Each structure stands twice: as structure tokens, then as C-alpha cells.
Amino acid sequence: MTVTTLNELAAALGLELRGSDAAASTPIEGLAALASAGPHQLSFFTNSRYYADLGKTKAAAVILRAADAAQCPVACLISNNPYFSYAKASQLFDRRPKEPAVIHVAAHLDPSVIVGEGVSIAANVVIGAGVSIGAGTVIGANCVIGPDCVIGPDCRLYPNVSLYHAVTLGDRCIVHSSAVLGSDGFGFAKAGVQHHKIAQLGAVVIGNDVEIGAGSSIDRGALQNTVIEDGVKIDNQVQIAHNVRIGSNTVICGCSAIAGSSSIGKNCTIAGAVGVINHVKICDDVTVTAMSLVNQDITEPGVYSSGTGIDATGNWRRSIVRFRQLDDMWRRLLRLEKHQGKSP
Amino acid sequence: MTVTTLNELAAALGLELRGSDAAASTPIEGLAALASAGPHQLSFFTNSRYYADLGKTKAAAVILRAADAAQCPVACLISNNPYFSYAKASQLFDRRPKEPAVIHVAAHLDPSVIVGEGVSIAANVVIGAGVSIGAGTVIGANCVIGPDCVIGPDCRLYPNVSLYHAVTLGDRCIVHSSAVLGSDGFGFAKAGVQHHKIAQLGAVVIGNDVEIGAGSSIDRGALQNTVIEDGVKIDNQVQIAHNVRIGSNTVICGCSAIAGSSSIGKNCTIAGAVGVINHVKICDDVTVTAMSLVNQDITEPGVYSSGTGIDATGNWRRSIVRFRQLDDMWRRLLRLEKHQGKSP
Amino acid sequence: MTVTTLNELAAALGLELRGSDAAASTPIEGLAALASAGPHQLSFFTNSRYYADLGKTKAAAVILRAADAAQCPVACLISNNPYFSYAKASQLFDRRPKEPAVIHVAAHLDPSVIVGEGVSIAANVVIGAGVSIGAGTVIGANCVIGPDCVIGPDCRLYPNVSLYHAVTLGDRCIVHSSAVLGSDGFGFAKAGVQHHKIAQLGAVVIGNDVEIGAGSSIDRGALQNTVIEDGVKIDNQVQIAHNVRIGSNTVICGCSAIAGSSSIGKNCTIAGAVGVINHVKICDDVTVTAMSLVNQDITEPGVYSSGTGIDATGNWRRSIVRFRQLDDMWRRLLRLEKHQGKSP
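Residue numbers (our numbering), protein chains in the order written: chain E, 765 to 1108; chain W, 765 to 1108; chain Z, 765 to 1108.
Just so you know, the hints here were simulated from the structure itself, not pulled from any lab data.
Any given hint could be a false lead.
Copies of the same chain are indistinguishable here, so a pair counts whether it falls within one copy or spans any two.
Cross-link-like lysine-lysine pairs, in silico, DSS-like; alpha carbons within 25 Å at most [unchecked claim]:
1) LYS1102 <-> LYS820
2) LYS820 <-> LYS1106
3) LYS1045 <-> LYS862
4) LYS954 <-> LYS1030
5) LYS961 <-> LYS1030
6) LYS820 <-> LYS862
7) LYS954 <-> LYS1102
8) LYS822 <-> LYS862
9) LYS820 <-> LYS1030
10) LYS1102 <-> LYS961
11) LYS961 <-> LYS820
12) LYS1045 <-> LYS1030
13) LYS1106 <-> LYS1045
14) LYS1030 <-> LYS862
Quantities reported herein were computed from a predicted structural model and do not represent experimental measurements.
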């Protein structure tokens, strides 16, 4: 959709349009933030920080809650969840080029590959024996899909994705470029000083509606599978080690690393650059803030953090010297308190 | 090997089988953990945490130390190093599809490329002039190997690996998908506010039995080479900068970053998400725990850490305020001690 | 250039040659550090740490400041900025194989692609509709370039790079292998427990003379563009989220992560493995040291840090216990001070 009217948009989004009748036929060309939107753009109001922008917006219309409609100088689309309505609207205005539903002549598919209806397979894709690809799925150029993988319907793999053998993707999954699914878990047995490889016999099983970011990697399990449940969203450059289980609808932001055999519950938010050490369990409904190290189980829902905040380096250098002396400081404090107790 | 008998397995692993004669002919179909193994699966006991599981296991047999045999309700395979024996057994049960020992018609090899016996080169591989590839090596689909690379025998490159020019890989190396070897080191000279590129004239030299994880990158040296010695194991998404040297049999876990011109000794364990700043030397036999920053040389073997443990965010916020005041706290503590010394 | 004379080199670098007339015709085969350079290698002196090496060097000549010439036992090339002169010399000795200025027969270009003069496109490259590629640009094997991208002249994309649609690269940009530009920003709207994708309607705009390291990812904007200004240098495995803006000539070292909608000013240095949380503003001329978390705006030029230095794990364990008690320690210290004030 590149041009539509406000009226049509309201219908497509299932929202009530409030405003002058004239507004209903305004052609809408796209989406923009309140402050930058022009008279042919739709905007949205979700955050009270932007009240001033709302009052001055020149958008054709604003998606907002009924309670905020009075503050809006232009037409309104009334939503109980304006951010969700914005998400739906964004899909309508996505100008991402459509891939043709064909198998490119320069793709290399094993004769045993089963391809659903309407599948798009781009140039230089290589697909191994025994793979099945669900209807409507799009495989970007130069992807490699190992033997025995199962890819559900309506998935999208962007270019240069690698799937090792026996990886399962559910329905409507998105995998971004340079991601790797099913690589060997990092398992070795030591004999003397040498590390001997433990063959990784498990696989990777990914549920429905999972998104996996650019350059992320998910290792196959050692004996069992590595499991990513339905609705999990994984950002770029996230590392998921072998045997990990991520519960449904959990979000993991960029550059986080989840070490082997750990599990994260449902509906968690793991912010960016977080580390989770191996064999740790995180329960449902946990938020971990950016760059924290989860070095023990988390058994209660809540918000967790580690690290220190940013500081001028000069002061920071003094703090880190004292950090190493913290236990000494503690003992000296106790001694002072004890002495104080004795003093008159 | 998909089915064998326990007797044959014992012979293949060089282990003594203890148990009833009946057990010797039990067909074994795979490996599993003690708690989940069924009567046609082999298991192993390496960690006293799982004593209870050992007593109840339904495995066909368990690899364990002679001293633990009495606790085992099923047949035993006696090993001095059960975890290493498990590693060997895992290789026997790896069902990873074998690649055919052919050069795919859709691979692009410069006519000067020297290919050993039994080499497998998949579709869309591109190999530059002057490259040699040792016998038995497997190059996965869509790999690109720059001019003048030398790849030893029995290596495996998984799909979508990139090697720049003049990278050397020893024997039996494994490189996982999206890894990049020989990219330019990050070197610039400043003139005014602009950064001018320093051509990276060194190469990357990788020893024997090295494994490099998915999405990892190893930059070529500025003048000398970046060197990874024999037996080093590098996990996913590890960054090794220019001029770095990693000593033999050192293990580097996922998402760690080793900055330029640093060196790590032999037999070290660098846990996940560790940072090592540039020009640092770490001696042999050092362990660095997860997400630590090595900001100075480590000259004594031992275990090292930095960072703070995970905490509820509310308390953590208070701690980080005080962290910035640590030097002030220290001075006030000293003042109190001085005063106390004077008090009656 | 593989062999030249010192005289020719001095002319090429625009530097004055001081030393015997004999030195002027010395053939120079390459560059090396002061300590390892032989009589046919050029070296450079930029750091007083290496004074001893300068006095003993066996190099054919040394690039250095006029003030240091008296300490040099061999011929000198006099430079006001020896490190910059070294950078220029390194380019002369780069033996990187040249790519032929042809479009490989196994490349797949949409008929609408506009290709400048002298462009090199390697095997298995896939380029979408509406793309234009400037003169002299080199596209490595197995790169995928989405529709509507604009790539300036004299760029170099190394193998296995992925560009999504509508990414713009300026002149003389370098993009290393496995990098991903234009992947979807990580944006979701929550409805119940589920996360609904927000289509990312912005693009990525990259200025001139930008270098992007191996495995790095730069997401497209949600509504506006993600913008990387001229002269920015980005190392390996860096993650730049949607809507971020990086100011000109800023340097971002390996494995750093810049979260959504943050901006970094001009001429900043972001060291390795740094995290910047979302919606943060960092002003011009800021340095952030390795592995710091920028969890608030930085409004003054200067050097900033977070984290704790490396320590023996035994002591560190005690420190992190006390870290959690820091606010308690602070209160107890205040109480002691108050009591002391009352004490005789």
C-alpha cells in the first residue's frame, strides 16, 4: 500500500476515526513521528513525553487513546493500544520489495527437497536432502540449508543465513542475514592438556513466530535439543549456546550471550549485551538490564542488574581501586562500630 | 554407526565391559543423559551431582570410573576418564550427513588451486589463485577462500565462511558458518580529525586442531601475523584483533573480544563475553571468569574476575551511586579511624 | 609495489630523506617494526617506549620526527606525523591481490542495475533491481545487495556481505565479510504477552570513507534512517541499532553495541565491548573506555568508564558481596560520623 485514504486506513486497522469528514478522504502516504509528520502522514501518540509534539502535530491523523483525543489538533484514530495499532499500520506501509514466488534457476536443491506452494527461493541457495519448506516461505539469496531441516510456512530467511542439518523452524519465523542455526555446541573433554571434541548430537528446535537477528547464532544441543519457544524475539549478534531453552515470548536484545544448558523462562526481557553463565535458570517474567551478568539462578520475577554506571574515568579509576578493598573497608567499618559501642 | 552392540562399542572405545553376558549383545542406538537414557542407549557418569540419577538409570550401560561401578544398576564401561570416553563415543553416534568427496560443478576454483585427495567442495564455493587444500578437507557451500590461502588436510569449513588472502589453517581445523578469517586489523593513523587506513600487511596463521565458532572473526596482523596455536578452541562470535597470539590448547568462550597486540598463554580458559584490552599479556594457565575485563597484564596462573554479581535493580541502583563515592567513603573511613585512635 | 628504492619511497611519501647517498638507492621490500626490520625494510618511530629499539634498528630507514633524527643509526625519512606517513607507506606495500574489473559470469544482476566504470563483481554476487554501483567499486564473492541500494565509487565489499534494500553507501567505503547493513530494527509492540513486529520503514545511510568490520550489523530505522556520518570507522562485530546516528570521524571498536535511537557525536572514541543503552546522547569528543556501559547521556567531552578492574577471583568474590551492601555501608559510615561529632 503506498497511498490510501484515512478512512480506508481506519477500516484496515479496525479503529474509529474521529475528526472532520474532510479528513476521511485525506490520502495517506506513510508514517512519521508527531514532530515531523506532514499533512499526508499518519502518526501515533503513545508516550506522555511527547505531549508537546501532539499539540503541534501537522499529521493527517494520530493514533491515540480516547482519553488523549481532546489534546489532538488533527483527526484521531482511537485505539486501546496505540503502539500495537502503529505496528499494524507500519506493516501496511512497508515498501520492502516482494520476492517472486519462484525457485531461481541458480538455486541448488537436492531432488528430495519438498517445497510448499508459493515458496520463493533466490539465487545461489543450497538446500540439502530431506528438507521441507512450508508454503509461502521466502529463502534469500546465498542461504545454505543443511539436510533434514524443516522450515514452516510463511517464514523469511534473509540472505546469507546458514542452517546446519536437522534444524526445525516453526511457522512465520524470520531469520536475518549472517545468522547461524545449528552450529556445534562448544563441548570438549579434556585429556591431558588437549581438548577432544564432543559430537553435538542434538538439534535446534524453534517455535512459531520467532525472529532471529543478523549475525546471531544458536548452537545445536549436545544430547538433547536447544529449544526456542513460540514468540521469542532475538536481536542481532545474540549467542545461544547448546542445550539452552528460551521460554515463549521472551525478548533478548542485541549482543547478549546465553551460555550452555541455561534456561530462561517465559515473558522475560533480556536487555542488550547481557551475559548468562552456564547451567543457570531464570524464571518467568524477569527483566535483566543492559550488560548485566547473570551469575546465579533468578527464582523471583523482577528486575535485575549488575555492573556499575558510567563515570568520569578519573573518578572511576579511584573507585575501582577501592572496589578491590571493599571487604577490607567492611571489616574496618565493623571494627569502628564495635569500638563505638564501647566508647562512652 | 547407527546401531552396534555394547560389546562392539567397548572394543571401539578400548574400555572394559562389566555386567551380564546378555548385556554384551544389547544393540546400542545412541547416547543419552543418565536420567533420560533408555535400554538401547549408552550413558556416562562424570559428576557426583548426578549420583541419584546413576542409581536409577535405565541405560543399557554407563561409562564410569571403576570406583563408581558398584553404584551402577546396569552394565558398565570402565574408563579412567569417562568424559573423554563419552567424547569418543559421541563421535561414533554422530549422524551428521557426510559430504561427497567431489568438487561441485557450481564451485568456482581458480585453475591454480591445488586440491588434495578426497576433498569435498560444495556448490557456490569460490577459491582464489594459489590456494592449496589438504586431503580429506570439506568446504561447505558458499564459502569464499581468498588467494594464497593454505588449508591443511581433514579440515571442515561450514557454509558461508570467508577467508581473506594468505590465511593458513593447519590440520583438522573446524571453522563454523559466518566466521571470517584474515579481515583487516583495525588500524588507522590520525591526521587532523580524520583516520587514515593502515594497510594490514600481516596474515593469520592457525595451527592444528583449532576450532573456530560461528560468526567469529580473526583479523590479519598489521606487520606480523595474528597467530592461533595448536589445539585452541574458539567459540561463537569471538573477536580476535590484529597481532594477537593465542597459546596452544587455550579455550575462548562465546562473545569474548581480544584487542590488538595482546597475547594469551597456553592452557588458559577465557570464559564467555570476556574483554581483553590491547597490548595486554596473559600468562599460561590462567582462567578468566565470564564477562570480566582484563585491563592489565596477568603474570601469575590463577583465576581472575571483574564486574559485579547480579542483584535486584532497586538495590543495584543504590550500590552504583555509592560505587562512585567509594574513594570518598575510603577517606572518611580513614578519618574516623584516625579520630578513634585519638579518642579515649 | 613490491620493490622500490628509498629515494623513490621518500618522493612517494613526500618526505625528506636524510642519510648517506648510498642509502638513497637501497631497495626497500617492505615494512617492519624497529626491532625486527632488516636492511631492506622501512620502519617508523612514533612512540617513546621504543627508544631503545630505535638506537639498535637495522632497518634501511626510519620514518620519524626531525627532533628524533639524531637518535637514529640509519637513514631517516623526516615527517611531522610519522604514524600517518607509516599509514601511507603501508598502502604502498599492500600485496592484497587486485580484483579484475569485470562482472563475473556467475554473478546475478537485475537488468536495471547501473554499474560504473571499472567495477569488479565477483562470482555468485546477487544484486537486486534499481541498484547503482559507483566506478571502481569492488564487490566480493557471494555478496547480496538488495533492491534500491546505492553504492558510491571506489568502495570495497568483501565476500559474504549482505545489504538489505535501500541502503546507501558513500564513496570509498569498506565493508568486511559477514557484515549486515539494513536488517530490521528490533521493534515490537506488545499486545497481551505477544510481541507484534513493527515494520522498519527507514533505511541506512552511510557517508564517505566509512569502514565497517567483519560481522558488524547496522539496522535500518523504524521511521527515519539510521545514519553513519563521513569518516566513521567501525570495527568487527559491532551492533548499531535502529535510528542511531554516529557523528563524523568517530571510531567504534570491536564488539560494542549501540542501542536504538541513541546518538554519538563527532570525533568520539568508543573502545571495545562498550554498551550504550537506548535513547542516550553522547556529545562530541568523548572517549569511552573498554567494556563500559553508557547508561545516561554524556554532555561534556572527556573520558568515561564503568565496570571494575580485573582481580583475583577469591578477592573479587568478597568485593561483590560488599558491593551489594554498599548503601548499607554508606549509612553506617554516616552514623559513625554523626556519633563521632557527638563524642568528646
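Hint by hint, here is what the structure shows:
1. LYS1102 <-> LYS820: neither (63 Å within a copy, 54 Å between copies)
2. LYS820 <-> LYS1106: neither (67 Å within a copy, 59 Å between copies)
3. LYS1045 <-> LYS862: Result: close neither inside a copy nor across copies, 41 Å intra and 36 Å inter.
4. LYS954 <-> LYS1030: The answer is between: 14 Å across copies meets 25 Å, while 35 Å in one copy does not.
5. LYS961 <-> LYS1030: between (32 Å within a copy, 18 Å between copies)
6. LYS820 <-> LYS862: neither (36 Å within a copy, 56 Å between copies)
7. LYS954 <-> LYS1102: Answer is neither; intra-copy 50 Å and inter-copy 54 Å both fail.
8. LYS822 <-> LYS862: neither (31 Å within a copy, 53 Å between copies)
9. LYS820 <-> LYS1030: neither (40 Å within a copy, 31 Å between copies)
10. LYS1102 <-> LYS961: neither (56 Å within a copy, 59 Å between copies)
11. LYS961 <-> LYS820: Classified as neither; 63 Å inside a copy, 28 Å across copies.
12. LYS1045 <-> LYS1030: within (12 Å within a copy, 32 Å between copies)
13. LYS1106 <-> LYS1045: Neither way: LYS1106 and LYS1045 sit 46 Å apart in one copy and 50 Å across, limit 25 Å.
14. LYS1030 <-> LYS862: So LYS1030 and LYS862 fail the 25 Å test inside a copy (33 Å) and across (37 Å) alike.
In terms of the numbered hints stated before, the structure departs from hints 1, 2, 3, 6, 7, 8, 9, 10, 11, 13 and 14, listed from lowest to highest.
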